[in-house]
Each structure stands twice: as C-alpha cells, then as structure tokens.
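So the sequences go chain by chain: A and B.
Be aware that the first sequence starts at 1, since it is given in our numbering, and climbs by one per residue.
Be aware that the second sequence starts at 1, since it is given in our numbering, and climbs by one per residue.
Mixed in with the good hints, there may be bad ones.
[Claimed, not checked] DEER-style ranges, computed between Cβ atoms:
no., chain 1, residue 1, chain 2, residue 2, range
1, A, P99, B, K60, 24 to 32 Å
2, A, E167, B, A176, 28 to 36 Å
3, B, D92, A, P99, 29 to 37 Å
4, B, R131, A, G32, 24 to 32 Å
5, A, R131, B, R141, 54 to 62 Å
6, A, Y58, B, E14, 30 to 38 Å
7, A, K3, B, D227, 33 to 41 Å
8, A, D92, B, V47, 34 to 42 Å
9, B, K175, A, V179, 31 to 39 Å
10, A, L25, B, D92, 33 to 41 Å
Bear in mind the hints are in silico, worked out from the structure with no lab data behind them.
Don't be surprised by glycine CBs; every beta carbon is placed ideally from N, CA and C.
There are 2 protein chains.
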Amino acid sequence: MAKTVGIIGGLGPESTVDYYRRILLECRRRTGLANNPDINIVSVDIVKALAHVSSREYDKLEAMLLSSAARLNAAGSDFAAIASNTPHVVFDGIARHSPIPFVSIVESTCSFVKRRAYERPLLTGTLFTMREGFYREAAERYGIDLIVPSQEDMLTIHDVIFPELEEGIVVPEKKARFVEMVGRYVRERGVDCVILGCTELPLMIGEGDVTVPVVNTSEIHVNAIVDRMLA
Amino acid sequence: MAKTVGIIGGLGPESTVDYYRRILLECRRRTGLANNPDINIVSVDIVKALAHVSSREYDKLEAMLLSSAARLNAAGSDFAAIASNTPHVVFDGIARHSPIPFVSIVESTCSFVKRRAYERPLLTGTLFTMREGFYREAAERYGIDLIVPSQEDMLTIHDVIFPELEEGIVVPEKKARFVEMVGRYVRERGVDCVILGCTELPLMIGEGDVTVPVVNTSEIHVNAIVDRMLA
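Build out the structure end to end from the sequences listed, making use of the hints.
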C-alpha cells in the first residue's frame, strides 16, 4: 500500500495540477492501472506567499507553510512536498518544525545532477530562487559548480515567468529570449545543462529547445515523491 | 475572507483538476486577481470507489467517502463537496454523518434547472447515475419531469464515458454517437435540455454540440461551491 503524500500547492495552481497528474501517472506507470494512491493537497494563496518572499519576511512565509504542513498531517499525510521551488528558501525551517517529513525539490535536483555527472548547470527560476543562496548551498554540498545568471539576466528570466507563464500561458517572444540567453551561457560560460528551477518553466521549455540537456525540477521532484510513496 | 472548501477528488482525477481550476477562476472573476482562497483536496482511488458502486456495496462507498470527509475536516475545511456525480448515490448518508456540511451536485443541478424553467431534462451520466434513483428523486422534489434513457441508451452513454473520457480523452466517434442519441430524445420525447450528469462529459460536449441547452453539472456545482465560499 502506497504512502500518502501531502502537497502544498497553489504556488502556482498550474504547477499543482502538473504535480497531481504526474504523481498519478508515475504511480500507474510503475505499479499498474489499478493503483490510484491517496493524495492530499492544501492549496494556498500565491499572492500572499510571493508578497512574503519579495519583502523577505521569511518568518511569515515559514509560518504559512508550517500551517499547511500541519493541515496535511491532520489529513493523514505520511510525508509532504512543496510543489514549487521558490518557497524552498525556508525549507530548512520547515523540515525542522514540521510534524511530517518533507521531500525537497532542491536536494532531489542536486542529487539528479550529480547522478547524471553534469558539471556546470545554469540555474534559472524566479528572481528569488536565483538571488537567494539555497540552490547554491545545496550544489556546493554536492560538489556541483552551479552557474548563477548575472543580475541583468536574472531580471530577464524572472520576466519570462511573470505574469503569463505563472498562469500557464507561453509567450513565444519570451521563450525566444530565454533560449537565446541559455545559448549565451553555453558558449561563454561552458554550462552543460539548464536547471529549470521554477515549476512553471517546463510548460515553456522542453528537451531540444536548447542545445544542452534541461533539468526538469518538477519531474525530478515527482520521481523522488513517488519513490517515497512506493518505498 | 473566503471559507475553505474541501474537495473529495480523484473520481476521476481530470474532473478534480477541472474543479480546482474553475473554483480559483470563479473566485478571481467575482472578487479580483488578488484572491486565491485556500482549497483542500483529498484524492481517493477511483478504481476502489467504482468497484463498490458496481457491486452495489454502498456501505463501503459511504465509509470511504466519510473517511475522506473526516480528513478534509481535520485539514481545516469549512464545508466539502464531492467532485463527481456517481458517488452522490450515498449523499444522504454522507450529509447525515459527516462532521462538515456538503454541497450536493444533484441539488445544485435541480435548483439550476428549476431556475432556468427547463421542464423535461434528459439525464446522462454513468450507468450507475442513470440507473439509481438519486437524480430522479431530487427532480421529483423540484417538480421536474426528468427523462431517464432506455436501458440500451444507458449502455451507449456509459460506453461514451469509459474508459477514454474518464482519462480526459475525447473519441470523435463516441461524441457523434452521444449527439445522435440526444437528437433522438429531443425529437421523440420532447426533452428541452441535457443534464451532463458526469463531470467528465463537459470535456466532450459543449453548448452548441446538441440542439438543446446543455446543463453542465460541474460548472453549476462549482458556482454553488463558490457561492458558499464567499457567503
């Protein structure tokens, strides 16, 4: 019998839908059609969460996520995950204080990059994810030489995500800008893969859109979640 | 501040995604972009639920849904809803024993049909929804002359839903068969609207596909849910 995962969702909603569908599909792929594990989702307000992030009131973000963790625990979740990269800025506090264990998208991603023997991944994501140190610190622990975009490119990437892609809408001009920028980091900085460190980016960028492999953080996170569900 | 709804989902998963998206969109439509209410979802095993339905072990179905209701209550839901028509066969038991109130898709639909002054709706849905009396009994209370398909047409409609549409896949030949059948009931039985009494049917049939208005039960249910959230 599969363990029940609890998902903190809504950050954003389209990413939550992606996780929900992927978890069910991956469970079926591994164990057969007749297995539809229980899944709990607590969907919270992305506007409130991002306001805490952009004002760097991380204690408020942490309190919001810990309250969701308590609700997921009460609903019978064996463990939990946050279906978004950005809130992982407070992951350590969540892991320490939550009543149930959490699977981190950052740890899952670094472990994947290491297994694939990529050496110089380019980090992309929201401004907060690129600016804060949580991906860099995890990469260091794994001995990965993470390339963080310049201040100017951070703003370009952030603008690729908001507001359209957050709503699931791909704007071709923004996609072209993203692809061009990645190409520049491949030529000038020798990056050998791109971490799509925002769960909405895979809605826009797939394998083949750029000249190096793409690291799909939501897909990797879902695989780690399903590993734990079926362990 | 909006009330928190708890959704019993997974029956099937695509309908759950549809409810989740619609609830968020409808809240935004009514109150503005900056409002993303908390939503709880407990997704359960459709294979197990349908097995209880087809063997008519309704006590087991009720126990399964009441356990989900308890989990939604524990997660802080103010009220709940089942994102599917078929399980409403045990709605009375759920409403009586659940710790939180439930919004019924059947009541919401009959109330809508009455407000629109439709007089002879055709009921479509899974075999179970058409065969069991729960839509007919509610319609009687509202003074609506509900037309239930013949045994043969029930099997045709059921076959339109399973297995592809349950997975979100529209098969054009099955859609054509559904449209042809509705046309026959319009000509021969004078039906003046079609109740899409399965939350996956609107993925296939929209306004204009048939010559009479379609009654989208998930849309109506979501509206009733959002009414309650914002009340």
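Right, here's what the structure says about each hint:
1. A:P99 <-> B:K60: 24 to 32 Å: Cβ of P99 (chain A) to Cβ of K60 (chain B): about 30 Å, so the range 24 to 32 Å holds.
2. A:E167 <-> B:A176: 28 to 36 Å: At 34 Å between Cβs, range holds.
3. B:D92 <-> A:P99: 29 to 37 Å: For D92 (chain B) and P99 (chain A) the Cβ distance comes to about 35 Å; the hint holds.
4. B:R131 <-> A:G32: 24 to 32 Å: Between R131 (chain B) and G32 (chain A), where Cβ atoms are some 29 Å apart, the hint holds.
5. A:R131 <-> B:R141: 54 to 62 Å: This hint holds: roughly 59 Å between Cβ atoms.
6. A:Y58 <-> B:E14: 30 to 38 Å: Holds, at about 36 Å.
7. A:K3 <-> B:D227: 33 to 41 Å: 36 Å, holds
8. A:D92 <-> B:V47: 34 to 42 Å: Roughly 39 Å apart at Cβ, these two residues keep to the hinted range, so it holds.
9. B:K175 <-> A:V179: 31 to 39 Å: Holds - the Cβ-Cβ distance for K175 (chain B) and V179 (chain A), about 38 Å, lies within 31 to 39 Å.
10. A:L25 <-> B:D92: 33 to 41 Å: 35 Å, holds
In summary, the structure agrees with every hint in the numbered list given earlier.
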